[in-house]
Amino acid sequence: MLILIGMAVPATRVLIAMESTGNPDMQIKVTGYQWKWRYDYLDEGFGFFSSLAADSNEARQLRSGISPHTVPNYLLEVDEPLVVPVGKKIRFLTTASDVIHSWWVPALGWKRDAIPGFINSSWARIDEPGVYRGQCAELCGRDHAFMPIVLRAVEEQEYRDWVVQMQQKQQDSASEANQTFSLDELMARGEQVYTTNCSACHQAGGQGIPGAFPALAGSAIATGALQEHARKVLYGKAGTAMAAFGVQLSAAELAAVITYERNAWGNDQQLAEAAERMGQPADIAVQLAQGVP
Amino acid sequence: MSTTAATVGTLADEHHHGPQAGLMRWLFTTNHKDIGTLYLLFSLLMFLVGGAMALVVRLELMHPGLQYVEPQFFNSMTTMHALIMIFGVVMPGAVGLANWMIPMMIGAPDMALPRLNNWSFWILPFAFSLLLLTLLLPGGGPAGGWTMYPPLMLQTQDAFPFVIFAVHLMGLSSVMGAINIIATIFNMRAPGMTFMKLPLFVWTWIITAFLLIAAMPVLAGAVTMLLTDRYFGTSFFNAAGGGDPVLFQHVFWFFGHPEVYILILPAFGIISQVIPTFSRKPLFGYTSMVYATAAIAFLSFFVWAHHMFTVGMPLTGELFFMYATMSIAVPTGVKIFNWIATMWRGSLTFETPMLFAVAFVVLFSIGGFSGLMLGITPADFQYHDTYFVVAHFHYVLVPGSIFALMAGAYLWLPKWTGHMYNETLGKLHFWLSFIFINVLFFPQHFLGLAGMPRRIPDYAVRFAEFNFISSLGAFAFGLSQLIFVYLVIQCVRGGQRATDQVWEGAEGLEWTLPSPPPYHSFTTAPVVR
Amino acid sequence: MNKEKTMMSDTPATAYYLPEPSPWPLLASITLALMFVGAAVMLNGSPLGTFLMGAGFALFLLVLYGWFGTVVRESLAGLYNRRVDISFRWGMVWFIVSEVMFFAGFFGALFYARLLSVPWLGGAGTGWLTNTVLWPEYTAQWPALQLPDATHFTLAEHTVGAWGVPAINTIILLSSGLTITLAHWALKRGEHRGLVGWLLATWVLGLLFVVLQAGEYGHAYTELNFTMNSGIYGTVFYMLTGFHGLHVTIGSIMLIVIWLRAVRGDFNPRSHFAFEAVAWYWHFVDVVWLLLFVLVYWL
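Protein chains in written order, with the working numbering: chain L, 1 to 293; chain E, 1001 to 1529; chain V, 2001 to 2299.
Since the hints were derived computationally from the structure, they do not count as laboratory data. We put the beta carbon where it would ideally sit given N, CA and C, even for glycine. Don't take each hint at face value.
To be verified - Per label pair, the in silico range of CB-to-CB distance: (1) 1129/E <-> 80/L: 46 to 54 Å; (2) 2269/V <-> 1191/E: 26 to 34 Å; (3) 1314/E <-> 208/L: 38 to 46 Å; (4) 1316/E <-> 44/L: 30 to 38 Å; (5) 6/L <-> 1316/E: 16 to 24 Å; (6) 1490/E <-> 2249/V: 51 to 59 Å; (7) 1019/E <-> 2192/V: 41 to 49 Å; (8) 1186/E <-> 2104/V: 20 to 28 Å; (9) 1129/E <-> 2224/V: 42 to 50 Å; (10) 2253/V <-> 1048/E: 38 to 46 Å; (11) 238/L <-> 2125/V: 25 to 33 Å.
What the hints assert, rightly or not - Chain L side only, calculated, beta carbon under 8 Å to chain E, not exhaustive: (12) 14; (13) 18; (14) 76; (15) 102; (16) 111; (17) 113; (18) 117; (19) 240; (20) 241.
My request is simple: use the sequences and hints to build the entire structure.
So, in structure tokens, the structure goes:
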């Protein structure tokens, strides 16, 4: 009994401190997606997705033949890490877009569930510069094991430079929306986008997983009307793991991936309308602007 | 327990009806022993099925990288493994023991509602067929975890309604079984068998039955909400409509935490029968044991949210559930103390049931301590949903509930079959199980503390060594259980004849009956002095 | 679970009636499983499922008829003693308790939505960030007719008010609680006509309740646009009142069965467990309605 009270007192004190999320120096909104994270810097006005790194992604496929031991930071590396300054009180606002995830970097000493439609707040102040790694901690479907978190804590100045860089990047991708690309350019970019976002379910060869995830190779949607195809990609399918990618990818990326799906795996041979084999960012932007169909 | 029978039912009495011949005996039976046997065999079968699924999981986790199964299939294996082990093994196993033993222990001819008893059992094979057959459906079996959290669970393909209805059926079966047990204990006791003379196994089952009646309907409600959210446009778990995905977790764990005690209280009862028998001493602190059990059951309705500390509850909620959770350690501590005190200065012998019981006390305590660690909210922020949790609940469920069921089976097998089991094989079974259960689950504590999340088919290479050891333990433990299967078959078919009392230190009405007992236990009520 | 004639006084446990092996439990399991498989197949979009479900349900009812028939015959044959009677009583009481817990889950959902999730979405307490970041347009209210994001929902214009049909239904159900008690008193005094009359009155009141409730649902769906799909209030409203309505329907079926048995003269003043079981069930349904009326319609 006394031992229990002896445990309860410090536990209460720590808990109260952990829940004191007031007066932060900066705020980052963390959104869980199936199966990647999005970070929005609420004070700086930019945000980006952070997915499993390409080499880990290749090695983790079933019977890939690549030994995980040869991949640096296997399953704990991302394409675009979260960068934060040291010595600042950061408030993390966790939420999710589809199912419940849980944002966990063990070195911070806590995890917090990301719940669709609600915001949970927690805080951290990192004193030591360095790279901190973590993973999603709440079962979120097929690729729950493959949405790591990499947090890079840097000195204030380095953080400032990085912010400027990211803001620039955001502008560049916005201006892409007005460019016109060739089929080859779209295909090359589309393959990359497909590998990162689509191949987990629909598979690299577009064959899907029978019963669970539909095939794209030779599918009615990927070889049918362009607008219908784009609609599926932009708005997803309710009640399934097919997310609405319109809010996740840029117009150029969307155009590229849709074009890729219409031309890869021999789909170009079966297209209902040969003229509809490729989409351009501008078309996508128009369709997005029309809103939910 | 100091009950002795003054009069014992005669073996072949006047209106005796024996078992029917052939298959019809098992299909149409209204006899508590037949139904108990059915429950126990079903439980054993499901133990092998659920165990095979666990081995698929451990096989994939043996090395980093994906070698054998798709992640989706892996998830459905973990989900089904849990559902089967909880609802198909531990619960029916405990109900089977209750069916066999309670009427004999309280001096009754049978269960109070014999036909209802058979219905409770026969729902189960259908419920589990529904569940298992989903593996063949497009989209595979359920893969959202046995906790079925929405919105993920709502993404389940064709398996979805089958799983929901299977859970409804299991709930129906458990509630009817619980009603029957309550009616039996309250209404069928022999003259003189007062409540405070009841064997502890009977006591723990009274309390478990009340927990079942209070908890299972809530689970039925929770899965019904899932069903309507998916098919009928309701928005219980959808923030866009004013609901909250976390609501499900509250309703689920309001069932789920009492469920934990539903799984462990009958085990406490079995251990409280075994330890006095082989210590040749009455149970130490019988009365405190009864009150501790009741206190645990009562508190179990106020601690549910400790399963969900990380969902972002208000601070006051987190504190309340932390304190309530820590308070459960008190009655549990009383129990552990009483068991040890029973053994203290007893003339101990270590036959197989006693070995399992002693291992239970030690290993369950490890699970209890890790549970206390998890109950401390700020610590749980770190441990939650890691392999530390996996290690914790497997320590209370496998060397806890399963070992207790094994202890019960060994204790009562001679009474049921009339034959002694093979003690050498029994001891071999125990030692292999004891060693490999620790090889299997102890390293998982370290994995959790090192940061490995649960429910993942693949992991970072830094976790490779402990996972490899754990997988080795899993295969060895799994294979060891085949010894038990062989031993049971051997014991049913023949062996050294068992005496009525079987064990030197055995006390209670059940040991006054012949081994094996007559078809209807006490056709003349014994009088308990 | 019926029992009528008793062998009087305290018979020893030797006389406890143990039924012969019976096909009913297994048949009940098979038909119940058929019904659920049918429902699942139906929900997966196959019309075959609807047929299977219907067939399973009909066969299940048939099995129940056979099972209860056996019990009634055994009871009338005087096979049950006081002990058996008590077993039935324990059984019915705890069955009703399990039903109470089923409703408790849904009442829990009601309280959670009303006291926690809706206020949080509207920015109360720890929900202020939820509101400002995710749903800045949303203001909490109860009943929650406006929704954080109405895209996939049917917005209702009004809810069902408490002081129309629901108030009348409250009076009806309370009166039915009275009439069934009057029937019980008549039974205990051995007045056959009183028993049959008051029982029939109870059944008519129950039926009237169901009809009025169905009419109210129709009105809400067609004119108020208030459906199950109208967000969390519609959700808890229809689930709670719907399950209650289902229980009233089941209770009405039980009432008509014991009415037929009362007409046949199965009950006597000392022994009428079936009647009492139905009466308990009816009172339970009554109490649930009172809670619904206060917590769902009124406050």
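- Take the C-beta atom of residue 1314/E and the C-beta atom of residue 208/L, compute their distance, and say whether it sits inside 38 to 46 Å. holds (44 Å)
- Item | Status of the given 51 to 59 Å range, CB of residue 2249/V versus CB of residue 1490/E | holds (54 Å)
- Task: Using 8 Å as the Cβ threshold, decide whether residue 117/L counts as touching chain E.
- Result: holds (2 Å)
- Task: Please verify that hint: residue 240/L, Cβ, nearest Cβ of chain E, below 8 Å or not.
- Result: holds (6 Å)
- Cut-off 8 Å, beta-carbon criterion: hint that residue 76/L touches chain E: holds (5 Å)
- Query: Measuring from the C-beta of residue 241/L to each C-beta in chain E, is the shortest one below 8 Å?
  - Reply: holds (6 Å)
- Item | Outcome for the supplied range 41 to 49 Å, where the beta carbon pair is residue 1019/E and residue 2192/V | holds (44 Å)
- Message: Quick check: does the Cβ-Cβ distance between residue 6/L and residue 1316/E fall within 16 to 24 Å?
- Response: holds (22 Å)
- Query: If you take the shortest Cβ to Cβ gap from residue 18/L to chain E, is it below 8 Å?
  - Reply: holds (6 Å)
- Message: Less than 8 Å between beta-carbons is the criterion; does residue 113/L satisfy it with respect to chain E?
- Response: Status holds, d = 5 Å.
- Task: Double-check residue 102/L for me: the hint is only fine if its C-beta lies closer than 8 Å to a C-beta in chain E.
- Result: holds (6 Å)
- Using Cβ atoms only, decide whether residue 14/L comes closer than 8 Å to chain E, and label the hint accordingly. holds (4 Å)
Figure legend: structure checked against the earlier numbered hints; every hint is met.
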